[in-house]
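Each chain, written out:
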Amino acid sequence: MYVAVKGGEKAISAAHELLAKVRRGDTREAELSVKQVEQQLPLAVARVMTEGAVYDPELAALAIKQSAGDLVEAIFLLRAYKTTLNRFGICEPINTETMQIERRISATYKDLPGGQVLGPTFDYTHRLLDFSLMAEGDVSEPSVADISPSAEMSAEPVSVEPVSKVLEILERENLMVSESDHQSEPTDITRDPITYPAERSARLQSLVQGDEGFLLALGYSTQRGYGRNHPFAGEIRIGEVEVSIVPEELGFEITIGAVQMTECEMVNGFTRHRDGEVKFTRGYGVGFGQCERKAMAMALVDRSLQAADYDEEVVSPAQQEEFVLSHCDNVEAAGFVSHLKLPHYVDFQSELELLRRIRAAEQSDSAKDMN
Amino acid sequence: MNISTEQRQRWISVLAKAPTEVLLKLSDSVVSDMQFELIREPEIGLTQVRARMGGKGDAFNMGDMTVTRCVVRSQGDSLGFSYVAGRNKAHALRAAQLDAMLQLSDFHQHLTDNVIEPLKQQASESQQVKQQATAATKVDFFTLVRGED
Chain Z
1 MYVAVKGGEK AISAAHELLA KVRRGDTREA ELSVKQVEQQ LPLAVARVMT EGAVYDPELA
61 ALAIKQSAGD LVEAIFLLRA YKTTLNRFGI CEPINTETMQ IERRISATYK DLPGGQVLGP
121 TFDYTHRLLD FSLMAEGDVS EPSVADISPS AEMSAEPVSV EPVSKVLEIL ERENLMVSES
181 DHQSEPTDIT RDPITYPAER SARLQSLVQG DEGFLLALGY STQRGYGRNH PFAGEIRIGE
241 VEVSIVPEEL GFEITIGAVQ MTECEMVNGF TRHRDGEVKF TRGYGVGFGQ CERKAMAMAL
301 VDRSLQAADY DEEVVSPAQQ EEFVLSHCDN VEAAGFVSHL KLPHYVDFQS ELELLRRIRA
361 AEQSDSAKDM N
Chain R
1 MNISTEQRQR WISVLAKAPT EVLLKLSDSV VSDMQFELIR EPEIGLTQVR ARMGGKGDAF
61 NMGDMTVTRC VVRSQGDSLG FSYVAGRNKA HALRAAQLDA MLQLSDFHQH LTDNVIEPLK
121 QQASESQQVK QQATAATKVD FFTLVRGED
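Protein chains in written order, with this note's numbering: chain Z, 1 to 371; chain R, 1 to 149.
To be clear, the hints were calculated from the coordinates, so they are not data collected in a lab.
Just so you know, not all the hints are guaranteed correct.
[Said to hold, decoys possible] Chain R side only, calculated, beta carbon under 10 Å to chain Z, not exhaustive: (1) Ile12; (2) Val14; (3) Lys25; (4) Asp28; (5) Val30; (6) Gly55; (7) Lys56; (8) Asp58; (9) Ala59; (10) Gly63; (11) Val67; (12) Ser82; (13) Lys138.
[To be verified] To give an idea of the interface, some chain Z residues facing chain R are shown, with a C-beta separation under 7 Å as derived from the structure: (14) Val54; (15) Phe88; (16) Gly89; (17) Thr98; (18) Glu102; (19) Ser180; (20) Val246; (21) Leu250; (22) Arg274.
Model, not experiment: these values are computed from the prediction.
Ideal placement from N, C-alpha and C gives every residue a C-beta, glycine not left out.
So that you can see chain R by itself, here it is in the shape it has in the complex:
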C-alpha cells in the first residue's frame, strides 16, 4: 500500500493528541482481532522542550516534558511507532498498534473512517468551543478625550 509521509504524519498527530478514553473506545474492537508483536514495550521518558528567543530567534532549552513511546509489529508485518506526550502506556500502545494497522490496505479505510475521522471531528469541535469562550473576552479599548484646552 502506498502511503505518503504526510498522510502518516497526519494520523500519528491525531492519535497522539486524542483523549485516551475516546481513542481506546473507538478502536478496541478493531484491535482485539489482531495479533501484535511488541518490539519496544511502552516506555516513559522525557523529551527536551525548546523555545526560541523572541519567539523566532535562536533556540534555547525550556525544560522537559514527559513522553511515552512504543513500537509494535502487526500480523501484516508493518511496524507501528508512537511517541505520545504524558505517561499513559495504554495510549502509547494503542497509538502504535493503530499506526501499524493504518499502513495495511485491509484496515486503512476502515480505521480512517471509524477512528481517525471521528477523532479529528471531536478535536475540531472542542477547539471551536474553546475558541468561542475565548472570543467572548475579546476587548475593544477606547481612549477618552481628556478635557484639556
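Chain Z extracted, bound-state conformation:
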C-alpha cells in the first residue's frame, strides 16, 4: 500500500537540474551532439531501437543522450514517446532474402553460395584496448580513398544479386523443418496482452523487445544443459532491407524507405517428427540495426520455447514460456523493481508493528515458562 506524500517540489526540481549538470559533465569538454551519438555509437542506437521497438536512429540517439548512456532508461524513453504517435498502418512483411548484405556468415558451411562476408565485426579482434582512439588528433581519419572502390577492387564486380538462405539448402534436402506462410494475422502484444500458451508470433514479438542481457543468459543456459537444443549458427546476416506499405488511399504497394537489421537463423538438434521423419529444428532471431548477440540469444530462446512442438520435457527456465515472456521486458522489470523506491511507510510500519508484537508475545511466554 502506498500513501500520498506532499512537498518536495523544490528538492525534486533541484535534483533534476543536478542530473542535467552531471549529464553535461565538465563544460570544458565539447558537448556530445545527437548526431554524434547516432553516427559513433551505432550499436547502442541499435539496442535502443530494437528493445524500444521503434526504428528511428535519431530518436534513439536522443534518448541515449538524455539518459546519460543508461540504455534501459533510453529504451523506456523511446517506448513512452511511441505511445504519443498514431499508427498509420502496417508494413508488408520484410523480405530478408533481398537484404543488401553488409555481413553474412555461416558456421555450418565453409563454402556457400554468395560466400562469407565478415563486414564490420568485433570477431577476430584481440580485445586489447586501442589507445590510438584516445590520442587526440594524432590519428588520421580513414580517407575516402580507403573505402571507395580502388582500381584493383573494381576489377572484380560486386554481386548485387540477392543471396539465397543457408537453411534453404537443408530444406531442399528435406533435412530441416520448413517454414511456410499460412497467411495468418499475427498477434500484436502492444494491443492485446499475451495469454498462455502463447502464439509463436506473440513470443517472437516479445523476444524482439526483450532485454538482451536476460535473453543472453537464458540462451547461454540452454548451451550449458538447461534445455539443451544443440545449436549451430546456420546463418547470420546484417544489412538493409526495403520497407513498404499499401496505403488505403492508393491501393498499391509503395516503398517508404529502408531499415538496417540483423537476422540469425539457428540450426538446432534433429528430432523425429510427428510425420515420422527425422529433421533438424530451427530458431529465429531478428532485430533493428547491428545487434548480432541479441539476435543469436533470441534464436536460442525461440527454439527452447518450441519444446511443446517436439514433445520435449519442459524442465528448464529457458523452456518455460510464461516465465520467459513475462520477465523479458526490461521496461516492465525496471518499473517493478524501481517501485520499491516509492514510499512504503505504512506497509513497513505494519510489518514492524507485527514483528514487535510477535517478539513481545514470545518474551511473555518464556517469562511464564520460567515461573
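Following the hints, complete the assembly by docking chain R onto the known chain Z.
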C-alpha cells in the same frame, strides 16, 4: 497523361529513399513556381514493421518505425501522396509535391530527367561504394589437415 502503377511506384520509391538535402536541392526551383493545396499536412506517425518466422514463414510484429505522410493537390489538379520513413516533414511535403507534378505531362519528362534520374544514379553509386567496402571483407576459410595418422 497515361501513367502505369509501376511507373508511379518507381518514382515514389526513389523520392522516399532520397537523402533529404539532395532531394530539396534538385527540386527547389521546379516546385517554387507551382501552387499546391495542402490536403493533409505533413504528419508524423508510426507504421508497424513485420518480419517472417525463419525469414519466409508466418508474419510477426517486430516493432514500429516512424513515418511522415503528406497529401497535396497541384495546380493541375493531380493529387500527390507521400509516406517517408523518419520524421522529416520537409521531405514528406516535397515528395508529395513531386508525386503530384510527375503525374502532369507538362512536368513529367523534366522532373524525370532532372530529379528522379540523378537521385537514382546517386543511390546506385553510393550502393556500389558500400558493396565494394563490404566485398573487401569476403573471406575464404580453409580447413587444415590435422597431422593425425
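A quick look at each hint next to the structure:
1. Ile12: Holds, about 5 Å.
2. Val14: holds (9 Å)
3. Lys25: violated (19 Å)
4. Asp28: It is violated, given that the least Cβ distance between R:Asp28 and chain Z is near 22 Å, above 10 Å.
5. Val30: The hint is violated - R:Val30 has no Cβ within 10 Å of chain Z, the shortest such distance being about 22 Å.
6. Gly55: Holds: closest Cβ of chain Z sits about 5 Å from R:Gly55, inside 10 Å.
7. Lys56: holds (6 Å)
8. Asp58: Where the cut-off is 10 Å and the nearest Cβ of chain Z is about 6 Å from R:Asp58, the hint holds.
9. Ala59: holds (4 Å)
10. Gly63: Check passed: Cβ of R:Gly63 comes within 3 Å of chain Z, closer than 10 Å.
11. Val67: holds (6 Å)
12. Ser82: With Cβ-Cβ at 9 Å, under 10 Å, it holds.
13. Lys138: holds (5 Å)
14. Val54: Since the shortest Cβ distance to chain R is 5 Å, the answer is holds.
15. Phe88: Holds. Min distance 4 Å.
16. Gly89: holds (5 Å)
17. Thr98: Status violated, d = 11 Å.
18. Glu102: It holds, given that the least Cβ distance between Z:Glu102 and chain R is near 6 Å, below 7 Å.
19. Ser180: holds (6 Å)
20. Val246: The hint is violated - Z:Val246 has no Cβ within 7 Å of chain R, the shortest such distance being about 10 Å.
21. Leu250: holds (6 Å)
22. Arg274: violated (18 Å)
Violated hints, in rising order: 3, 4, 5, 17, 20 and 22; the structure is consistent with all others.
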